[in-house]
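**Q** Read off the chains here:
Number of protein chains: 2
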Amino acid sequence: MKSYGEFCSLSRALDVVGDRWTMLVVRELLVGPSRYSDLHKALPGIATNLLASRLRALEEAGVVAATDAPAPVSARVYSLTEWGRGLQRPLVELARWGVPLMSAGTGEDHSRGRWLVFAIMALFPEPAATQEDSGVPAVTVRIDADGDSLLLVSDPTGVRASVTSAGEPAEVIVAGSSEEVFRTLSGDRTEGPHAHVTGDADALRRFFALTSSALTARPRESI
Amino acid sequence: MKSYGEFCSLSRALDVVGDRWTMLVVRELLVGPSRYSDLHKALPGIATNLLASRLRALEEAGVVAATDAPAPVSARVYSLTEWGRGLQRPLVELARWGVPLMSAGTGEDHSRGRWLVFAIMALFPEPAATQEDSGVPAVTVRIDADGDSLLLVSDPTGVRASVTSAGEPAEVIVAGSSEEVFRTLSGDRTEGPHAHVTGDADALRRFFALTSSALTARPRESI
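Chains as they are written, first to last, in full-length UniProt numbering: chain X, 1 to 223; chain V, 1 to 223.
Just so you know, the hints here were simulated from the structure itself, not pulled from any lab data.
Where hints are given, some of them may not hold.
For identical chains, the list gives no copy identity; a pair is met inside one copy or between any two copies.
Stated by the list, open to error - With a Cα cut of at most 20 Å, we get these calculated EDC-like pairs of lysine to aspartate or glutamate:
{"#": "1", "residue 1": "K2", "residue 2": "D19"}
{"#": "2", "residue 1": "K2", "residue 2": "E108"}
{"#": "3", "residue 1": "K2", "residue 2": "D188"}
{"#": "4", "residue 1": "K2", "residue 2": "D38"}
{"#": "5", "residue 1": "K2", "residue 2": "E168"}
If we strip away everything but chain X, and leave its shape as in the complex, we get (with noise of 0.2 Å):
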């Protein structure tokens, strides 16, 4: 990255993380760890020397480690460092800006289930250190979009997603594709198709709950 060589925090974040591609491959591994050829697979169109060469300079800011995970993964493993996972906050604001761009739904664009991950970040509040009540409902719920499954485990502490297997358990089961599923999640009451939900009725009063309160409950406080 060519530095933009100013005096000024928001620039000198924008020297390690403002490069094209570099941003989203943080979301990559704010989802998880991830392999080298996990993330080239998660990035559509991003050329394999670039995404090398990001991930390197990554490493050289100290955002993000690679580790030698032993046999039988005998790959290289790349996470965020902890001041990598500080990037949660702002990509989460980011996105949380960017929600109007989706009401325009997928069009040509590729879409993979495990993005949802990090939709459910910028919709709902994150789980908090301090327990305090965030006022979301409980509920359990196994999404299955585009081909990955995720499960979203909500409580009144905040909501937590995370890619599953296929077949796990949960009380409310969400399927469609990744379009349909984050116009239910978002509460969109506009024309459109919705995902298939199924479940007793007592969690779908529940999921219901949780997304009629999408967008509106900002992430918490903490340091």
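For this one, chain X is given, so just place chain V on it according to the hints.
**A** Relative to chain X, chain V alone:
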């Protein structure tokens, strides 16, 4: 901007503001509406045709609005739309993440007093719409840095800063280079020259209570 072509609200936000220089143009407009020539001066190193193309793209995306100011200004003035002002939170969060990168000092980098307006947004809680008590002490501070004058007004609802005229009266006067002023405002206790600070004892006590709270209070919640 070449679109990432991803159904993800972070990617779509970056399709709008992810280009090199774009977020710094937005930073300048968060400080206040600006003429083209002033924007160009405020962003050392940006090519004039690049600035024009970034502004055009931001206008087309609905982030920036251009209006013709009447005489004696008689110039196009660029400002953020309401949606564009929504970028303050993600950019301030990114700037907060970048604060550790400031400890290296200015070095060969450009510095502008007016960038401290943005630094102040990152260091202190902003005034909230709801008038809850942020716990910051009330004090007015004029900052003279690198040829610019800023007025910082702090009260229990939060801290606001803006560019002002030289000689603006205030309880506390802080003078020095941007680096010295940043070190003083951020309550940095490491080695390095600080700004020169004058005021009566009571005002100085409130000023230092403010600076010792830097970065510890998170921006408050509001929609």
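**Q** Please sort K2 with D19 into within, between, both or neither, judging by C-alpha distance up to 20 Å.
**A** Answer is both; intra-copy 9 Å and inter-copy 13 Å each pass.
**Q** Could you figure out if K2 and D188 sit no more than 20 Å apart (CA to CA) within one copy, between two copies, both or neither?
**A** For K2 and D188, the Cα distance exceeds 20 Å both inside one copy (41 Å) and across copies (28 Å).
**Q** With identical chains treated as interchangeable, where does the CA-CA distance between K2 and E168 reach 20 Å or less: within a copy, between copies, both, or neither?
**A** Classified as neither: same-chain Cα gap 45 Å, cross-chain 38 Å, threshold 20 Å.
**Q** Checking an output row: K2 and D38, CA cutoff 20 Å. Within, between, both or neither?
**A** The answer is neither: 28 Å in one copy and 23 Å across copies each exceed 20 Å.
**Q** When Cα atoms must be at most 20 Å apart, do K2 and E108 count as within-copy, between-copy, both, or neither?
**A** Answer is between; shortest inter-copy Cα gap is 14 Å, intra-copy 32 Å.
Hints 3, 4 and 5, counting from the list given before, are not met by this structure.
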